[in-house]
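Q: Read off the chains here:
2 protein chains.
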Amino acid sequence: MDKFSLELDETFLRRRRNNKWHLHPPDVLPAFVAEMDLAVAPCIQAAVERIVREQDYGYPKRSDERADREVANAFVRHMKRRFGWETVPELALPVADLVQGTYASLLAFSDPGDGVILQVPNYPPFREAIVSTERRLLSLHMRDTGARYAFDMAELKRLVDPGTRIFILCNPQNPTGRVFSRDELLAIGRFAVEHDLIIVSDEIHSDLVYTPRQHIPIASLGPEIAARSVTLNSATKSYNIPGLRCGVVHFGTEELAARYHKRIPLRLTGQCSVAGIDATVAAWDDGQPWLDAVMEHLRRARDRAVNTFSAELPAIKLYAPEATYLLWLDCSDLGLSLSAFEFFLGNARVGLSEGERFEPALTQFVRLNFATSFPILEQILERMVTAVRRNQR
Amino acid sequence: MDKFSLELDETFLRRRRNNKWHLHPPDVLPAFVAEMDLAVAPCIQAAVERIVREQDYGYPKRSDERADREVANAFVRHMKRRFGWETVPELALPVADLVQGTYASLLAFSDPGDGVILQVPNYPPFREAIVSTERRLLSLHMRDTGARYAFDMAELKRLVDPGTRIFILCNPQNPTGRVFSRDELLAIGRFAVEHDLIIVSDEIHSDLVYTPRQHIPIASLGPEIAARSVTLNSATKSYNIPGLRCGVVHFGTEELAARYHKRIPLRLTGQCSVAGIDATVAAWDDGQPWLDAVMEHLRRARDRAVNTFSAELPAIKLYAPEATYLLWLDCSDLGLSLSAFEFFLGNARVGLSEGERFEPALTQFVRLNFATSFPILEQILERMVTAVRRNQR
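For the protein sequence lines, the chains are A and B, in the order given.
Residue 329 in the working numbering sits at position 329 of the first sequence; the count goes up by one each step and never skips.
So the number in the working numbering is just where the residue sits in the second sequence, counting from 1, plus 393.
Please note that the accuracy of each hint is not assured.
As the list claims (entries may be wrong) - Here are a few chain A residues that face chain B, going by a calculated C-beta distance under 10 Å:
#1 15
#2 19
#3 23
#4 57
#5 267
To be verified - The calculated lysine to any residue pairs, modelled on SDA-like cross-linking and capped at a C-alpha distance of 20 Å, are:
#6 B:550 with B:507
#7 B:454 with A:26
#8 B:454 with A:12
The hints are simulated quantities; they were obtained by calculation from the structure and are not laboratory data.
Since this is a predicted model, take the numbers as computed values, not measurements.
Cβ coordinates follow ideal geometry from the N, Cα and C atoms, glycine included.
Pulled out of the complex, with its shape left as it was, chain A reads as follows (with noise of 0.2 Å):
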């Protein structure tokens, strides 16, 4: 199976220069930060070496264009490869970064003191730009349901007022790891309709599903949904080049272009490097089996970390993510008289995600990345299991 030979020792990872493995002391084994810590992809390998070898530094064209028009030629074959959703490259604007794509949007489509709904846990950036930017933040949680976690539209309903202009999806969710079922994403887009709320849809970890769950892009639920729908993809979380720097940002329609280039010119978010877009080609044009690979890896990296908390640490309450390298733990029941990220980061010396980061009250809650070897998962479980216990007796 592991044909692609995925996993790296902790020597290996150790000497990569990244926050993951240097941000806590070297006893610590690091949780936290949504990277892999495992081979890239060999056509990704193969088209920065070539890069490299040939020290390709200019300005890049591809395929007769600028070259990061590639990314948006590319981005459009793997949506309708992997999602079946049509759309043409002219609609999609690569960036360095899908922060960017957010305060762009934000920028572009409300003004100060505007609302805007954000699903609640999540990716921090999302609040950090709602609130730096002088946007109303209107909090939808996500409530442990008993089965998973749900937003509730009743919720939605009373939360919107006339001055709500954006509504942030992240779909799958992080940190919560759901993937919107067609209902689910309907009700939002007829919402949006109703409401003449512009949606901004970051769907990063959309190759990261676990069958039989499916992703579904909110812009290709119908014309009048994709009309008000900013989609904002990258293959850097699939492919673990984050550090590469390249992503899209997808307008549904010319005219949402249009409106969204009148406030921020094309210019002012920048260009791709070389590495990011022919990686970024690579990754969505040739990367599938190598993801497939993975994606096994990490469906048994996952069913292992699940089985062991549900076995060995039962108060600490999980579903199992439906899409994503991420597990969301509540650890409400466990009585720490710290945060949960700070006990096992004292307790366990495992670097997990702040709860708080997602959302500031949950401080008993925290994620773990799951995206590594097996002896390196192994013993971020062991160290776990082990902190809780002796913390009970």
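Fit chain B to the supplied structure of chain A, relying on the hints for placement.
A: Using the frame of chain A, we list chain B on its own:
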């Protein structure tokens, strides 16, 4: 002298998937876009090779900080060592692309309808930025004094009006190759203080100055001028890595940075790729010996080109550039029936930069990039000389 083996042959160059060698048909020798046909600095190549070897494509960290802060640190070290300019990394904002810095500064420090002074001819994106953001372009002409190109302070005084907000300075100047003297810069600085203008100073060619000329960062001229100066710089031009996308926007004071960030959130302009970061830091910290060799090569190439035109085509007016590897050719006296660009493309099969892109009226000007190996440069010069002579018969 060529201890760095700078020269590359045409076969190697044509393998690069860049715009320079693939915009025109294969029988055309390119001498347009500002990148060099030279081998990259060994310190840069080593930095990029390390990333690739360790597949270090995650979220990078350097010197215990988010990696792009190391670009700011290296910028400060480089400015001190090269120009004796003392500043602090907190005032330097890494960006992917200096055109971003121009757009962002226009949006931050002016409103639609406001006047923006630009020395013309100039790098085309400046004009595009002013026009597309609906500012008023106020053109300060670089005039041929018979000894060099220069602007006239009396003309500047007549040009400015109460709605003028910004002076875009390009120093060293592209395409004329002028390096402005302390007196010229002080005159601009004082004028900006007097008329309450922000100076946006593109200094991307500052490392490409031929002795005895010296580059002076305008923000180094004193606190009053610094307080209104936004300086744009990057290693991409002098170290020939534009495709890696990394640069710096520097604010003369914290107040100026705060005013900028009130309109342009930090994360709107995105983040540099790990390759851009490490290559830039390597260039600024360790690249000087390589750059010294490059400058020697460029001086010989410049002199060869200038001497050839002076001897063989005296009707073309030109001045040896004081900086840059770009030669600004005034072909008005050739009596061409086409634009100079079209003439040389069609008749010499040499791809130059169109003068009219730098200033619409200048169809009889072209810009020649002489940063190539001598065998290629000789061919370019010979083809141009032959084409003009044949045309004059």
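Q: Next, verify each hint and record whether it holds.
A: A quick look at each hint next to the structure:
1. 15: holds (5 Å)
2. 19: holds (4 Å)
3. 23: holds (7 Å)
4. 57: holds (4 Å)
5. 267: Hint holds; residue 267 (chain A) Cβ to chain B Cβ min 5 Å, cut 10 Å.
6. B:550 with B:507: holds (17 Å)
7. B:454 with A:26: holds (15 Å)
8. B:454 with A:12: Roughly 16 Å between the alpha carbons, so the hint for residue 454 (chain B) and residue 12 (chain A) holds.
The structure is consistent with each of the numbered hints, conforming to all of them.
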